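Enquirer: Generate the whole structure from the sequences, applying the supplied hints.
Protein sequence lines, in the order shown, are assigned to chains A and B. 139 is the number of the first residue of the first sequence in our numbering; add one for each residue after it. 15 is the number of the first residue of the second sequence in our numbering; add one for each residue after it.
Calculated from the structure, these hints are not laboratory results. Keep in mind that a hint or two might mislead.
Claimed, not checked - Below are the DSS-like pairs computed for lysine-lysine, each with C-alpha atoms no more than 27 Å apart in a straight line:
1) Lys-448(A) - Lys-381(A)
2) Lys-254(A) - Lys-381(A)
3) Lys-381(A) - Lys-250(B)
4) Lys-290(A) - Lys-247(A)
5) Lys-467(A) - Lys-352(B)
6) Lys-352(B) - Lys-324(A)
All of these numbers come straight from a predicted model, not from anything done at the bench.
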Amino acid sequence: MSADLQFDQIRLPAECQTLRAEVRAFLAEEVARGTFDPHRPGHGDSHNRAFSRRVGTKGWIGMTWPKKYGGHERSFLERYVVTEEFRVANAPVRLHFVADRQSGPILLKYAPERIKLDILPRICRGELCFVIGMSEPGSGSDLFAAKTKATKVDGGFKISGSKIWTSNAHIADYMLGLFRTSPPTKENRRHGLTQFLVDMKTPGITVNPIIQMTGQHDFNEVVFEDAFVPDDHVMGEIDGAWKQATSELAYERSGPERFLETFYVMLELIRALGPEPDLRGAEGLGRLVAQLHTLRRMSVSVAGMLQAGKEPVVEGSIVKDLGTLWEQKLPERVRELTAFLAPNGGNRATLEEQLAFALAVAPKLTIQGGTTEILRGIIARGLGLR
Amino acid sequence: MAGDSDNIVAETAARILADFADPQTVNRAKNDAWKAPLWRALSEAGLPLAWVPEQLGGSGASLADGFAVLGAAGRAALAVPLAETMLAGWLLSQAGVRAPDGKMSIAPARPPDSLAVGGDGRLNGRALAVPFAGEAEHIAVFAEAGTGPIVALVAAQDCRVEDGKTLAGDSRGTVSLDKVTPLAQAPAPKMLDRMALMLMGCVLRSVQTAGALETVLALSVAYANERVAFERPIGKFQAVQQNLARLAGETAAALAAAGSAADTVAQADAFDEALFLEAASAKIRCAEAAAEGAAIAHQVFGAIGFTQEHVLHRFTLRMLAWRDDFGNESFWAAELGKHVARRGADEFWPLVASR
Numbered sequence: 139m140s141a142d143l144q145f146d147q148i149r150l151p152a153e154c155q156t157l158r159a160e161v162r163a164f165l166a167e168e169v170a171r172g173t174f175d176p177h178r179p180g181h182g183d184s185h186n187r188a189f190s191r192r193v194g195t196k197g198w199i200g201m202t203w204p205k206k207y208g209g210h211e212r213s214f215l216e217r218y219v220v221t222e223e224f225r226v227a228n229a230p231v232r233l234h235f236v237a238d239r240q241s242g243p244i245l246l247k248y249a250p251e252r253i254k255l256d257i258l259p260r261i262c263r264g265e266l267c268f269v270i271g272m273s274e275p276g277s278g279s280d281l282f283a284a285k286t287k288a289t290k291v292d293g294g295f296k297i298s299g300s301k302i303w304t305s306n307a308h309i310a311d312y313m314l315g316l317f318r319t320s321p322p323t324k325e326n327r328r329h330g331l332t333q334f335l336v337d338m339k340t341p342g343i344t345v346n347p348i349i350q351m352t353g354q355h356d357f358n359e360v361v362f363e364d365a366f367v368p369d370d371h372v373m374g375e376i377d378g379a380w381k382q383a384t385s386e387l388a389y390e391r392s393g394p395e396r397f398l399e400t401f402y403v404m405l406e407l408i409r410a411l412g413p414e415p416d417l418r419g420a421e422g423l424g425r426l427v428a429q430l431h432t433l434r435r436m437s438v439s440v441a442g443m444l445q446a447g448k449e450p451v452v453e454g455s456i457v458k459d460l461g462t463l464w465e466q467k468l469p470e471r472v473r474e475l476t477a478f479l480a481p482n483g484g485n486r487a488t489l490e491e492q493l494a495f496a497l498a499v500a501p502k503l504t505i506q507g508g509t510t511e512i513l514r515g516i517i518a519r520g521l522g523l524r
Numbered sequence: 015m016a017g018d019s020d021n022i023v024a025e026t027a028a029r030i031l032a033d034f035a036d037p038q039t040v041n042r043a044k045n046d047a048w049k050a051p052l053w054r055a056l057s058e059a060g061l062p063l064a065w066v067p068e069q070l071g072g073s074g075a076s077l078a079d080g081f082a083v084l085g086a087a088g089r090a091a092l093a094v095p096l097a098e099t100m101l102a103g104w105l106l107s108q109a110g111v112r113a114p115d116g117k118m119s120i121a122p123a124r125p126p127d128s129l130a131v132g133g134d135g136r137l138n139g140r141a142l143a144v145p146f147a148g149e150a151e152h153i154a155v156f157a158e159a160g161t162g163p164i165v166a167l168v169a170a171q172d173c174r175v176e177d178g179k180t181l182a183g184d185s186r187g188t189v190s191l192d193k194v195t196p197l198a199q200a201p202a203p204k205m206l207d208r209m210a211l212m213l214m215g216c217v218l219r220s221v222q223t224a225g226a227l228e229t230v231l232a233l234s235v236a237y238a239n240e241r242v243a244f245e246r247p248i249g250k251f252q253a254v255q256q257n258l259a260r261l262a263g264e265t266a267a268a269l270a271a272a273g274s275a276a277d278t279v280a281q282a283d284a285f286d287e288a289l290f291l292e293a294a295s296a297k298i299r300c301a302e303a304a305a306e307g308a309a310i311a312h313q314v315f316g317a318i319g320f321t322q323e324h325v326l327h328r329f330t331l332r333m334l335a336w337r338d339d340f341g342n343e344s345f346w347a348a349e350l351g352k353h354v355a356r357r358g359a360d361e362f363w364p365l366v367a368s369r
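Expert: Written out as C-alpha cells, the structure reads:
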C-alpha cells in the first residue's frame, strides 16, 4: 500500500439538516421532560430503556438497514447527524448504541435469515442492548490470544471461560463474542476463533460487576460455565473470525463519538470565558475550535466515503487516533484556560463538576475500541511499514 | 489528493513541475537558472493567471481547479510565486482589473498592515513580509479609501522593496508605497474586505502545506523502509512506526482541513461566517501540522535530513515559513476564539455542524 491518504469533500445534503432540526427538537423535549440533563454528563444513568424505545419509534436506530429488518434505508450521513446530535446533547444512548453501530451490521452480514428477522427489528425498536465479547483476562489488544472455548456438542456449542472489561454486560440482552473453536496453527496465529451470537439469559452465564475508578459501573466480568449456544448462532466462518474483523472497524473508529466524548467542557469553557475573553482565552479557544472543526470534517469525510462504498481503513484509524487524543486533552486545556478566571464566575460550579468528571474519564478514551498503540500499528501497516 | 487524477489543469501542473521543478534537481542546482524555463512553461499553460477570466487576460479556470494546482505546487515545494500570482490575479479580477503577464505578489500580506489611497488617488503605506517581494514585477494592492476599499495594480519598480528571506530562503520583504500612482484601479466588490483577502491567502497556504506534508510523509516512509540500522530497516521498529503514524495523522488533518476550506471557498457566494471558520481553522491546523510533521520527519531522517544536500528541507522549511503568511496560527486562533466567544456557547455547535 502507498502513503496516499484520501479525504473526499463531503457536504451534508439538505435532508441531513432537516433531520438535524427534528433530532434537536426531540432532544429538547426529552430534556424538558427530565429524561437527562445535558450539562451533567456524569450524573444519572447513561442508559434508559424507555428513552431508547422512543428513539426507536422516531426511526433513528438501524437507520441504514433494509426495511425488511425494521431498518429505514437512510444514508450513513443521516445516521451521522443523529449520532453527533445525541452525543453533543449527552443523551443516554448506551442501551442501543453498540447494537446500532456495530452488532446490527454484523448480524446483517452473517446471521441466518430467521435470526435477522427476529432480532434486527427489535434492535430498531430500541429494545435490545448488545455487548462486545472480545477482551479476556489474558487477551486485550492482542485479541487473537483469546482462550475462552466453544466446544462442539450436539446441535451447537458449549462455551466455557470468561470475558472481561465487558461494557454494559449487566444490562445486555445479547453478546457478539469471539470464542476459540480450534487452536491457532503454526502458520496463522489468528486461526481458530469463531464469532458467536450469545443470548445473555442462557443458563451458565454469570455477570460480575467491575466498578471503574470514576465510581461508575460499566465494566463487567462475564463468566461462562458450559453455556449452550445453538449452531445457527455462529456468525460467519468457523475458525475464521479474523477475516471478518476489519471492515467494520472503519465504522467503529471514525464516528463522532471518537472526539465528542468530553465536548461538554468546551461549551462550558465558552460560557466561562464570556463574550469578551482575554487574548490567552481567545487564542486557546480558537485553537480548540480549529482542531475540533478539522476532526469533524475528517470524520464526516470518512462517513461519506463509507456511504460511497469505499473502505477508508487507514483514514478511519487516523480519525480515532487524533480524535481520542484530542478529547482526552480537552479537559486539560479547559482547566488551563480557566485557571485565571474569577473563582466565583457564573458557571464555575458546573464547570468544576464537569471537569472533575471529564478529567477522571479521560484516561480510558485512548484505550477503548483499540488503543492508540494498536491504531498506530494499523496506520503504519497502511503506510507500508509492516 | 484534491482530485489530481481527474483534473486536467492539475495534471498539466504536475507534469510541468515534474519536468522543470523536480525537487532533487532544483536542490542540486548551483543557481536560479531553473526558474526562467519553469515560469515560461507555467505561463504557457495559463497557470499563473488561472483564476483570471479570459476577458481579463487569464485562463478562467475554476477555483477548485486552481486549488488542485496549488496542491501539486505544495507537493513539489515550489519556490516561484505561482500561488502569489494566482492570488493577485484573483484579487484584481474581483474588481474587474485586467491582470498583466509575469510574476505578481499581493499587499498587504499580514492582517495588521493597511495601505491607503490618498485624496490624489495615489497609494501610501507599508506592507511587511510580502511573499516574493523581490521577484514580483507587479503587486496587486488592496487599499482603504474614504469612499470604500479599492483594488489596484502597481508596478513593483514604483515601490520601495526591502527584500529579505524566509526560513526556506525564498524572497519575502517589505513593500513601501510612497505616493505611488497605480497602473489601474477599481473599487473592491462589496463582500471583499481586507480580512477576506487574508482568509483567501490562508486557504492557499493551507493547500500548499497539505501538499508539502504529503511529500514529506512519502519521503519519510520510503526512507524508513530503506535505511537499515540494527540489522533491519528502521521502519520495522515500533517506535519509528508510531512516529510515522503520527506524521500520517498530521498529514491527514492538514489534507482534510485544507481540502474542506478550499471546497468551501469554491462553493461560496460570500465571505461569510462558515467560510471564516473553514479558512481560519485550516490555517491554524495546517500550521500545527507543519510544525509537528517537520519535527517527526527530521527525526526519522536523522543527520542526513539536516543537510543542504538532502531534499527534505525544501519541504519542511517552506511549510514552516508559510505559517507566517496572511496571519499566523496564533493570530487566527485569537480571531476565531473571539468570534466563537461573542456568539456564545449555545451558538457554537450549530456553527460547527452547519456543513
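Enquirer: Within 27 Å, alpha carbon to alpha carbon, are Lys-352(B) and Lys-324(A)?
Expert: violated (61 Å)
Enquirer: Given the hint that Lys-467(A) pairs with Lys-352(B), does the C-alpha gap stay at or below 27 Å?
Expert: Measuring from Cα to Cα gives roughly 21 Å; hence the hint holds.
Enquirer: Lys-448(A) and Lys-381(A): Cα distance at most 27 Å?
Expert: holds (18 Å)
Enquirer: Do the alpha carbons of Lys-254(A) and Lys-381(A) lie within 27 Å of each other, as the hint requires?
Expert: holds (21 Å)
Enquirer: Tell me if the straight-line CA distance from Lys-381(A) to Lys-250(B) falls inside 27 Å.
Expert: At roughly 24 Å apart (the allowed maximum being 27 Å), Lys-250(B) and Lys-381(A) satisfy the hint.
Enquirer: Straight-line Cα separation of Lys-290(A) and Lys-247(A) no greater than 27 Å?
Expert: holds (23 Å)
When the structure is compared with the earlier hints, a violation turns up for hint 6 alone.
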